[in-house]
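Following the hints, put chain C in place on chain Y, whose structure we already have.
Protein chains: 2
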Amino acid sequence: MTARFTVLALLSTAYSASFAGQIEDQIRFRQSAYSFAAWNLAKIKNQVQHPDTFNKEQVGAAASAIAAIAGSDLNSLYGPGTEQGVGWQKTRVKPDYFQKPDEVKKLAEDFRKESLELVKLASGGDVAAVKTQFGKLSQTCKSCHDSFRLKDVEE
Amino acid sequence: MTARFTVLALLSTAYSASFAGQIEDQIRFRQSAYSFAAWNLAKIKNQVQHPDTFNKEQVGAAASAIAAIAGSDLNSLYGPGTEQGVGWQKTRVKPDYFQKPDEVKKLAEDFRKESLELVKLASGGDVAAVKTQFGKLSQTCKSCHDSFRLKDVEE
Numbered sequence: 001m002t003a004r005f006t007v008l009a010l011l012s013t014a015y016s017a018s019f020a021g022q023i024e025d026q027i028r029f030r031q032s033a034y035s036f037a038a039w040n041l042a043k044i045k046n047q048v049q050h051p052d053t054f055n056k057e058q059v060g061a062a063a064s065a066i067a068a069i070a071g072s073d074l075n076s077l078y079g080p081g082t083e084q085g086v087g088w089q090k091t092r093v094k095p096d097y098f099q100k101p102d103e104v105k106k107l108a109e110d111f112r113k114e115s116l117e118l119v120k121l122a123s124g125g126d127v128a129a130v131k132t133q134f135g136k137l138s139q140t141c142k143s144c145h146d147s148f149r150l151k152d153v154e155e
Numbered sequence: 001m002t003a004r005f006t007v008l009a010l011l012s013t014a015y016s017a018s019f020a021g022q023i024e025d026q027i028r029f030r031q032s033a034y035s036f037a038a039w040n041l042a043k044i045k046n047q048v049q050h051p052d053t054f055n056k057e058q059v060g061a062a063a064s065a066i067a068a069i070a071g072s073d074l075n076s077l078y079g080p081g082t083e084q085g086v087g088w089q090k091t092r093v094k095p096d097y098f099q100k101p102d103e104v105k106k107l108a109e110d111f112r113k114e115s116l117e118l119v120k121l122a123s124g125g126d127v128a129a130v131k132t133q134f135g136k137l138s139q140t141c142k143s144c145h146d147s148f149r150l151k152d153v154e155e
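Chains as they are written, first to last, in our numbering: chain Y, 1 to 155; chain C, 1 to 155.
Derived by calculation from the structure, the hints in this document are not laboratory data.
Check each hint, because a few of them may be wrong.
Same chains, same names: a pair is fine if it fits in one copy or spans any two.
[Stated by the list, open to error] Taking lysine-lysine and the DSSO-like style, the derived pairs with C-alpha atoms no more than 27 Å apart in a straight line are:
#1 131 x 90
#2 56 x 105
#3 113 x 56
#4 56 x 120
#5 106 x 56
#6 45 x 100
#7 106 x 131
#8 45 x 106
#9 136 x 56
#10 151 x 113
#11 136 x 105
#12 90 x 56
#13 100 x 120
#14 120 x 94
#15 142 x 56
#16 56 x 151
Chain Y extracted, bound-state conformation (with noise of 0.2 Å):
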């Protein structure tokens, strides 16, 4: 299927009850999570990294959308056939994903705690805790990566 993709294409098709969506958009919806998760990242660690800058509200807002990402069940985008496939670009998944349904939802559920956590904090303004609380978050994306993504793949 092409590259492109529109939201009115996705909504005109006609989905079944359990929507997942062929496996070229379930990986091209992982990736763009992660993506999107990865600019919102960004942008907390460049306010605790220069404090006079930090502004609670943007901080907020961007631990929010992380914790929406983490809340979003994600793995219902690693369907069957998605082991392997091109979205955005080629997965870098591992075998192991799909072969280690414990050690997953674990992470996930690590991922969606700190996320949520750093939200709680991110009101209090607290930059040092805010800064903490970003190291414990970014843990759990590298404890996922280190598991079950591939340094690289060939494209």
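Chain C alone, transformed into the frame defined by chain Y:
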């Protein structure tokens, strides 16, 4: 730059206080945001079209994701130089986007307002009300596409 993108690469780079990122990154991040929104819109559409599958927690989570996207200052991803370029794919933004900031702002506020209303209604569990509000939210997407997105571009 390569189409590959990793959180670690992003997080290991120093950023200015007004972080936005390179042109290609900005375009890729905004495309990721819209694509992630599209997935969440599709999940809600599927449930309101099949009321027997309606799950207010799932619809609420999807609506919250859309509201977080709408509240994430996407406009900051339309920095100088992003009128043209390639993120995940060639941008389809129209020149008008950069010439009509008041209209952009109004449409962005509509998007945010209607998504927050959907979050509120989802928790009530009234499928008909959620369906109506989903229509209003979708209309804000369409209005922005009509005004500011090219129907298609040559690759």
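Hints breached by this structure: Checked against the structure, the hints that fail are numbers 1, 6, 12, 13, 14 and 16, while the rest are satisfied.
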